[in-house]
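A.B. asks: One line per chain: the protein sequences are V and P, in this order. Start counting the first sequence at 1; every next residue gets the next number (our numbering). Start counting the second sequence at 1; every next residue gets the next number (our numbering).
Among the hints, erroneous ones may be present.
Below, simulated BS3-like cross-link-like pairs (lysine-lysine); rule was C-alpha separation at most 30 Å, straight line [unchecked claim]:
#, chain 1, residue 1, chain 2, residue 2
1, P, Lys60, V, Lys17
2, V, Lys192, P, Lys114
3, V, Lys192, P, Lys258
4, V, Lys17, P, Lys13
5, V, Lys95, V, Lys66
6, V, Lys67, V, Lys192
7, P, Lys185, V, Lys109
8, P, Lys13, V, Lys109
9, P, Lys114, V, Lys96
10, V, Lys95, P, Lys114
Simulated from the structure, these hints should not be mistaken for laboratory data.
As a plain string of letters, each chain reads:
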Amino acid sequence: MITIIDYGMGNIHSVHKALESFGAEVCVTNDPAAVERSEKLILPGVGAFGDTIDELDRRGLSRAIKKYINDKKIFLGICLGLQLLFESSEESPGKKGLSVLRGTVRRFKDSRELKVPHMGWNQLHASAARSASSLLRGISDDSNVYFCHSYYVDPENTEVIAGTTEYGIPFPSVIWKENVFGVQFHPEKSQKTGLAIIKNFVEMH
Amino acid sequence: MLTKRIIPCLDIKDGRVVKGVKFLNLRDAGDPVEVARMYDAQGADELVFLDITASYEKRKTMVELVERIAVNIFMPFTVGGGIRTIDDIRDLLNAGADKVSINTQAVQNPELIKDSSSRFGSQCIVTAIDAKRVPDSSPEDPQWQVFTHGGRTPVGLDAVEWARKAAALGAGEILLTSMDYDGTKDGYDLALTKAVSDAVTIPVIASGGAGSLEHFVDAFALAGADACLAASLFHYQEFSVSEVKEYARSKGIPMRMK
Numbered sequence: 001m002i003t004i005i006d007y008g009m010g011n012i013h014s015v016h017k018a019l020e021s022f023g024a025e026v027c028v029t030n031d032p033a034a035v036e037r038s039e040k041l042i043l044p045g046v047g048a049f050g051d052t053i054d055e056l057d058r059r060g061l062s063r064a065i066k067k068y069i070n071d072k073k074i075f076l077g078i079c080l081g082l083q084l085l086f087e088s089s090e091e092s093p094g095k096k097g098l099s100v101l102r103g104t105v106r107r108f109k110d111s112r113e114l115k116v117p118h119m120g121w122n123q124l125h126a127s128a129a130r131s132a133s134s135l136l137r138g139i140s141d142d143s144n145v146y147f148c149h150s151y152y153v154d155p156e157n158t159e160v161i162a163g164t165t166e167y168g169i170p171f172p173s174v175i176w177k178e179n180v181f182g183v184q185f186h187p188e189k190s191q192k193t194g195l196a197i198i199k200n201f202v203e204m205h
Numbered sequence: 001m002l003t004k005r006i007i008p009c010l011d012i013k014d015g016r017v018v019k020g021v022k023f024l025n026l027r028d029a030g031d032p033v034e035v036a037r038m039y040d041a042q043g044a045d046e047l048v049f050l051d052i053t054a055s056y057e058k059r060k061t062m063v064e065l066v067e068r069i070a071v072n073i074f075m076p077f078t079v080g081g082g083i084r085t086i087d088d089i090r091d092l093l094n095a096g097a098d099k100v101s102i103n104t105q106a107v108q109n110p111e112l113i114k115d116s117s118s119r120f121g122s123q124c125i126v127t128a129i130d131a132k133r134v135p136d137s138s139p140e141d142p143q144w145q146v147f148t149h150g151g152r153t154p155v156g157l158d159a160v161e162w163a164r165k166a167a168a169l170g171a172g173e174i175l176l177t178s179m180d181y182d183g184t185k186d187g188y189d190l191a192l193t194k195a196v197s198d199a200v201t202i203p204v205i206a207s208g209g210a211g212s213l214e215h216f217v218d219a220f221a222l223a224g225a226d227a228c229l230a231a232s233l234f235h236y237q238e239f240s241v242s243e244v245k246e247y248a249r250s251k252g253i254p255m256r257m258k
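My request is simple: use the sequences and hints to build the entire structure.
C.D. replies: Laid out in structure tokens, this is it:
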């Protein structure tokens with residue numbers, strides 16, 4: 001059973017359907033108790049960092065997510081769901097993230113040459129030491145995945161970076177630390193490559 | 001490297017795909033999910049669904065359609081047409097749209113761009129601009145004015161200025177349609193596209209006028225477009241998306257190939 005956190009902000013249909021297409025049983029919930037109990041957890045994300053963390057706090061979900069992760073069960077954050085794992089974000093100064101990982105979330109420096117949001121298909125490079133990540137199993141280097149974001153994570157400990165993408169600077173597009181996975185792109189929107197990543201997640205244990 | 005995007009646009013009326021020429025003469029052409037699937041198979045980078053349904057009640061069917069698209073097609077898509085409120089935006093995003101495109105209401109109530117982008121993030125708020133060349137503006141220093149209500153109502157705004165303002169309010173992308181070129185197949189309005197693209201630091205989608213493979217390359221290479229949108233060209237299968245992408249790549253434009 002895979003649990004998707006639904007906090008009323010954003011799209012979960014595609015993730016839900018993609019998981020089901022690989023035979024996963026899916027539970028969609030905003031109940032903190034159900035989140036703590038779950039076996040595999042996905043935090044999707046559309047929205048602004050501050051509003052979303054407020055909403056997670058208000059619903060008691062922040063504590064539940066941290067407890068779940070502390071129990072060493074498999075977690076996947078998508079887009080904002082990845083960013084929320086960190087301590088803070090330039091998007092919402094003063095707001096504290098889930099702080100599961102050390103580091104902050106930064107905004108791309110925009111210019112005429114570097115439009116922000118970073119929107120569209122860009123290549124994923126698995127970092128050499130991390131190419132064994134089970135999430136990226138079978139994904140060839142330089143695969144195109146779909147991005148739609150203005151902010152990127154900047155971890156204190158660079159060893160958690162499992163994949164990078166180039167946009168003016170190389171930024172972390174896949175994060176992996178023990179049981180915690182995060183992707184800055186949208187696997188549920190990345191057609192064949194994205195579906196292969198979701199299949200890896202379904203088959204992970 | 002971020003690739004340039006090719007985006008087929010599907011006009012939707014009462015839950016079905018239609019395509020007009022210069023916003024008129026609609027012709028029924030099928031089920032949106034089927035058409036989307038075809039474009040997916042051709043390697044389209046995104047899709048835009050533009051709801052041109054007139055009545056408010058019938059727009060509710062758009063939310064249902066968006067849900068149906070989201071569970072069938074695993075690619076990004078934008079939904080536009082008739083969006084008036086934060087609740088409209090929330091409903092469409094919750095139903096599975098990745099982005100919403102706001103046109104008339106953004107002009108009438110620019111705060112909607114600000115409020116929605118701060119709530120849902122800039123990355124999902126597209127401002128659509130329908131622009132028409134000011135008749136007496138000089139070819140050396142052309143100017144364009146903004147129209148709303150499906151291109152019927154001039155609102156006395158300069159298109160480049162409005163794009164700049166929309167970006168400052170928090171829009172994450174501009175969908176820029178040339179009313180002069182739309183339906184002509186004479187190519188995108190390169191001067192308009194370049195003027196807007198140079199004025200903002202958010203992505204710009206060129207729209208209106210695509211008629212040949214070269215037109216796409218010109219919009220990317222000469223006008224700085226981040227994406228090119230086309231409707232009838234793909235709809236009537238004059239070119240497939242993959243033909244456009246292969247050609248653009250052969251001319252040095254970064255493209256995602258299947």
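A.B. asks: Does each hint fit the structure? Answer for all of them.
C.D. replies: To see whether the hints hold, each was checked on the structure:
1. Between lysine 60(P) and lysine 17(V) the alpha-carbon distance is near 22 Å, which keeps this suggested pair within the 30 Å criterion.
2. Restraint check for lysine 192(V) and lysine 114(P): the C-alpha separation of about 35 Å exceeds 30 Å, so the hint is violated.
3. Among the hinted pairs, lysine 192(V) with lysine 258(P) is consistent with the structure: their alpha-carbon atoms are about 9 Å apart, no more than 30 Å.
4. Note on lysine 17(V) and lysine 13(P): the hinted pairing holds, with a Cα-Cα distance of about 26 Å set against a maximum of 30 Å.
5. Distance restraint check for lysine 95(V) and lysine 66(V): the Cα-Cα separation of roughly 17 Å lies within the 30 Å cut-off, and the hinted pair is therefore satisfied.
6. For the proposed pair lysine 67(V) and lysine 192(V), the alpha carbon gap of about 33 Å is over 30 Å, so the pair is violated.
7. Between lysine 185(P) and lysine 109(V) the alpha-carbon distance is near 37 Å, which puts this suggested pair outside the 30 Å criterion.
8. Our distance criterion of 30 Å between C-alpha atoms is broken by lysine 13(P) and lysine 109(V), whose separation comes to about 40 Å.
9. With a C-alpha separation of about 23 Å, the suggested pair lysine 114(P) and lysine 96(V) falls inside the 30 Å cut-off, and the hint holds.
10. Note on lysine 95(V) and lysine 114(P): the hinted pairing holds, with a Cα-Cα distance of about 20 Å set against a maximum of 30 Å.
Violated hints, in rising order: 2, 6, 7, 8; the structure is consistent with all others.
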